[in-house]
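Asks: Chains A and B supply the protein sequences, listed in that same order.
Counting with my numbering, you get residues 1 to 539 for the letters of the first sequence.
Counting with my numbering, you get residues 1 to 856 for the letters of the second sequence.
Honestly, the hints are just simulated from the structure, not real lab data.
Here the structure is a predicted model, which means the values were calculated and not measured.
A few of these clues could be false.
[Claimed, not checked] Heads up, simulated DMTMM-like pairs for lysine to aspartate or glutamate below, C-alpha to C-alpha not over 20 Å straight-line:
1. B/Lys167 / A/Glu15
2. A/Lys10 / B/Asp384
3. B/Lys799 / B/Glu727
[Claimed, not checked] Listed next, with one range per pair, are the computed distances between beta-carbon atoms:
4. A/Asn146 / B/Arg87: 26 to 32 Å
5. A/Gly88 / B/Arg87: 40 to 46 Å
6. B/Arg87 / A/Glu284: 31 to 37 Å
7. A/Gln87 / B/Ala658: 29 to 35 Å
8. A/Gly140 / B/Leu306: 46 to 52 Å
9. B/Ala102 / A/Lys285: 50 to 56 Å
10. A/Pro512 / B/Glu397: 47 to 53 Å
11. A/Asn146 / B/Ile285: 40 to 46 Å
12. B/Leu174 / A/Val184: 43 to 49 Å
Virtual Cβ for every residue (Gly too), placed ideally from N, Cα, C.
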Amino acid sequence: MKHLTERLKKKQYREIWEEYCGFLDLNMKDYMMIQNRLMMEQINQYAKSSLGKIIMKGRIPSSIEEFRSIVPLTTYDDYADILLLKQGDMLPEEPIIWIQTTWEGGRHPVKLAPYSRSMLDTFRNNVVTCMLLSTSRRKGEFKTQNMDKILYGLAPLPYVTGLFPVALEEAVDVRFLPPVKEAVDMTFSQRNKEGFKQALKYGMDYFFGLGSVAYAVSLSLGSMSGGGGISSLLKCRPDMALRMIRAKIRCHNEKRSLRPGDLFRLKGFMVAGTDNCCYKDDLEKLWGVRPMELFAGTEPSLIGTETWTRNGMYFFPDTCFYEFITEKNMIRNMEDPTFQPPTCLMDEVVPGEKYELVISVLKGGAFVRYRVGDVYRCAGLENKEDDTHIPRFEYVDRIPSIIDIGGFTRISENSIEHVIALSGLKIRNWIAVKEYTPQKRPYMHLYAEILPGALASGAVTKEILKEQLSTYFRYVDQDYRDLKKILGVDPLAVTILTCGTFERYQKAGNPPLRHMNPDSHELKNFLRCQFTASGRSVR
Amino acid sequence: MGSFDYISIIAVFGYLLLFLIFITAKKNKIINSFLLVLVASICWTGGSFLMRIQAWPSYRVWYNVSICGLLLLAYALYSFVCAFAGRKTTFLSMLWLVLIVAACVINSLTGCFLAAPNMISLVDRSVVFEYNMTWSVGVLFAITGGVLFHMLYILVVNCRKNPVFRKQIEPTMLGMVLMFGGNLALLLPFLKGFPIDILSGLINALLMFYALIRRRLFRLKFLASEGVCYAAALMATLLVFYNLSPHLILTLQKHLPWLREDYVLVFAGMVVVVAMGFVFIWKRILSAIFVKEEQMQKECLQEFSLSASKSLRLKDIYEATVAIIKKATDVEDVYICMQRKPGYPYEMVYADSDLKATNFIMREDHPMVTYFTGHSEDFLFVRDFSYSVDGKALWHEERQMLNMLKIEYAIALKDGEELVGIVLFSNKDGKATISQGDTAFLGALGSIASIAIKNSMLYEKAFKEAVTDELTGLLNRRYFTERFQAIFSECEQSSLVLILIDIDDFKLYNQLYGMAEGDHALQQVARILQASVGENGIVARYYGKEFAVLLPHYDIMGAKLLAESISHQIHQMNSNKKNYAMRRLTASIGISAFPFGAHTMKEMLDNVDMAIYYVKHHGKNGIHISDSMTSVENPTGRQQEEFHPRDIYTEYESTIYALTAAIDTKDHYTFRHSNNVAYYATALAEALGMNEDTIETIRQAALLHDVGKIGIPEQILNKPSRLTEEEYEVIKGHVEASIGIIRHLPSLDYVIPAVIGHHERYDGKGYPRQIAGENIPATARILCIADSFDAIVSRRCYKSPVPLERAREILLEEAGRQFDPEMVTVFVGLLDTGEVKIAADEESILEEKQKAGGQV
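Using the sequences and the hints given, assemble the complete structure.
Replies: See below:
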């Protein structure tokens, strides 16, 4: 019998909580003890592997401090030769599964990350933790039961999101709507439709998806249940039919459209990915339950979760060994790539400070001192509300050099340059900034300066530029294409800058401007420069 | 008595029994509230029964007792639920108590809510009670209803909030439902006359009792306590005699009329006998069910305690621990892991089978170890632990090892707060075999075992210290002699060989490389001996650099082969040193055997001494068997001839001159300088009273000390200006270069210590090894003085010669810094007395010749 299923049957609720959510009771010393011990295990394993010998340059560190001094911070380029060829025998532990994601918005085809059996065991336990916490309203209390039903709005394997249902099914008897085996062969919209149909039939206890996707699905669920007449009611379970009738009456009285929350009372609602803060409020309105955010990625796996207070997340102590680069050092490193930014550990973070996350995957993982590219803010070292004594974080965004839209696509400076080159547009210089609409929806704002000669020889309007760039973004980046297909949004806005803006900005003695997400103050200064006449600086 | 009155009697009996059982239990809020439930039930059931039989003083009194019991029961149930849910006393709960007590008192005094019933006698002499109910009875209903609704509310809220509570309170809820159902069932016509309310009340009490057991608030073994046994027996006796007494009296009157005057005595005797019988039966039954196992474990503990106190041998304690555990529990295998000393891992020192994984170790930071050191608990269930937060820190291989060994349970062996060891229990096929009941037993066993193990460890440590040599870990001389006597007696009918191994020139080795290196060499020799002899004999450090090996039942041939192997290994010991060539150690070995060449222990010892003496006087590095008087052999079996060390040196003279000639070709100054240094050094060595061999060694070392300069570019050697840092480093390299050349001439390796140390300074600031003081070989210290003096007084392309007076001053200034103060003083003395003169260099000779007007 599956472990959690057995415990739920035996009603060992306290034991379940302690097993899966007990890490929330750790103090800093015990948390670091787990971190350090598992990291030493990983170092020993890693040093013996061929990959480890390459990364550690043949040296075998005897302590974590020595390891941190020997191994430089790494990026995917450091592993690409081995991982892209799936050379499992060179890794610390033979992988069970290779998880895939796109790399730099299509410039490189894919990134592959190996998952060992021990990593998957930890992943499974952490998925269960998230599931329990998503139903929890206070410490020690949860509503998870055997045969709970989950509507799952995430991509299947080989993406990391596809691991969630597989891992969960290893631990507990749950029912996915539609079942995972069937869902694999369906398109995104087919899956949603079938899932919703089954939810109406059997009920729904959980909803799990990327924040942005969950929002799109939620809207479509409303519209899906909006139609249909008596025949659709007859197909439903009696209690669901009754609920549907009641919901329709209520909506009619309140003169509004049907919301999923009118039909389903979720036990738990989980969202992953980026930009969740943009969707959380709307999702809460739609479902009547505030979604709980969890933090996962292809390379680091499932690393953190919020709790019942939905107020900041905690990193699992047994998934990765965490290091943090301060925002100041991160920016310095962006400006001067030769600068090796120092890192601090979990017990050295300071509340309020933003950090770029660096991870070493434990339990036979391939990545060490790996820059994930995510920025977190330390929200506090203790929390009275949660009764926790370990650091709590909030997800800020990707690192400034990457623009992530809704957790779907990661646009880098390289990919923009690639798109501009392909489009053949005579763009002299550009800046890309991630901005938000008044409805709090993220988009990429491209400020482009056109070559003066090109203006006279060809048609250049904002629309043409946007159309052409969008076309080529969709061409090079599968994720960008999905953004349009799944979310129905075109996340690009273009502003054509006055000719010579960059030059004027530079002449005014301003500090050099980054192409990607420059500092907001510098951007303001820069934009002012385009309104000055004949090269005179506004400063 | 009515036909169903026995139900009431059984109920009261049951309540009383439970009351007696729980009155002895450890009190807490839940137990107290349960006692209140029992008291209320006794009042209600007992009162109603006594009312029905119109017992003394009057049925009205018993009615009041019964109605108070019933009202109080509602509050008692409420109080029980509150306590079970862990609720604190609130104003409302106090209010309910006050209201109920007030209602009881008022109703008892005035009967204003529900007056005592009227008793109506029927024709068949039976009685019925007729109640006269008015609206005022509603007050009682309102109060009890309020209490019960409040209780229901608490139940619902807590069940929703806490699934654990829901699971624990389930039996109680079922009991209450049955009780209220039973009361309602009174209205059913076919149950008329049957006290279904009383029966359901009793079932409710029993279900509450079950709930308490499930919550581990009561242990069934309490049922077998002395008090409960006697109380139960007394009540059973009363019950029996109450029912049987009329029949008994009739029987006695019929069959034993002559005992009429002693009926009381007979009765009393019968009561005692029956009561004792009940006590016996109750005890036997409950002991068989609950106490037998516990008793067995208790006996096991006593047995273990006894056996542990009888022995001080660790192995005996381990064996006894494992045996007792296996006897008292169902575990499959037991492993004992102990920590040798702080900082070391917990290693498996004992398993109940030799084929078990004895390589199992738990590092000091193993999560189970840190759990035991950081918590007061002395046990853990491994499965639960691996799922806990503490278990998250387990390494994959540690998990695998625990799974592989199927470890189910672990207990800590603690000395006060300090964790000294861990006992692991494994089970067959992963099935749980350790019950909660076993944990107390194992805890107690752990305490006794840790004390016993600690004592025997201390004893073994003290014993080991007393019989072994601290440096090498071999037996010491005293204990060896003791063992020798014992083994000699054992081998009187067989044979016994004694081998004595004496390391050659070990004093010189110590002088050359320092005491630390010498100690290390002795440890290595000890390891070689232990590995070679194994279980076939005993090895001891006999005296300083002498080792003794005792081989029972060995013959001379076997001993000789073993000695040859040992000698060869000792000779090979230093061959793998990479940093610099070290002198190879050799051993002189003597063998004596009983009964072949000696008849007593003393004779054997004298023989090996003589054999060693013989080898030493025949060039060392050999084996001599005293008994057979075979001639000395070296390890290779080559017959060794009489020789004198001086002969060896003469033999090497040609090699030395070949090398010095090579220097001469390259750098004439160095050749002359080497000759000068040889002159000064031999003079100083002679003055220091060194023996002929050492003086010769020094002379040869002096001739060869700068042979490494062959590899140094001439422009550096003869650079007139100051050397740069890099150039100086090149010059410094000549020492190692010299060693590099000499080491290829094994016959000349005896000069290495002097050559390698001739640039070491007495204050430790020299090179290449930066050793200081007496750690620098004496030969090297002599060479250093001679070398420096010649450099000072010689003319070089970059300096003029320093006059003797100034050179003398420099030597004395550097005493204790660069030079050995005693030696340099002797050397200055030689200069002062003119026993040593400045060796003339060629330019001085030339100058003198020019002064004399001669031609060159």
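Asks: Hint by hint, note whether the structure agrees.
Replies: Hint check:
no., hint, in the structure
1, B/Lys167 / A/Glu15, "14 Å, holds"
2, A/Lys10 / B/Asp384, "15 Å, holds"
3, B/Lys799 / B/Glu727, "17 Å, holds"
4, A/Asn146 / B/Arg87: 26 to 32 Å, "31 Å, holds"
5, A/Gly88 / B/Arg87: 40 to 46 Å, "58 Å, violated"
6, B/Arg87 / A/Glu284: 31 to 37 Å, "34 Å, holds"
7, A/Gln87 / B/Ala658: 29 to 35 Å, "58 Å, violated"
8, A/Gly140 / B/Leu306: 46 to 52 Å, "47 Å, holds"
9, B/Ala102 / A/Lys285: 50 to 56 Å, "54 Å, holds"
10, A/Pro512 / B/Glu397: 47 to 53 Å, "51 Å, holds"
11, A/Asn146 / B/Ile285: 40 to 46 Å, "41 Å, holds"
12, B/Leu174 / A/Val184: 43 to 49 Å, "47 Å, holds"
Consistency with the previously given hints fails for numbers 5, 7, ordered from lowest to highest.
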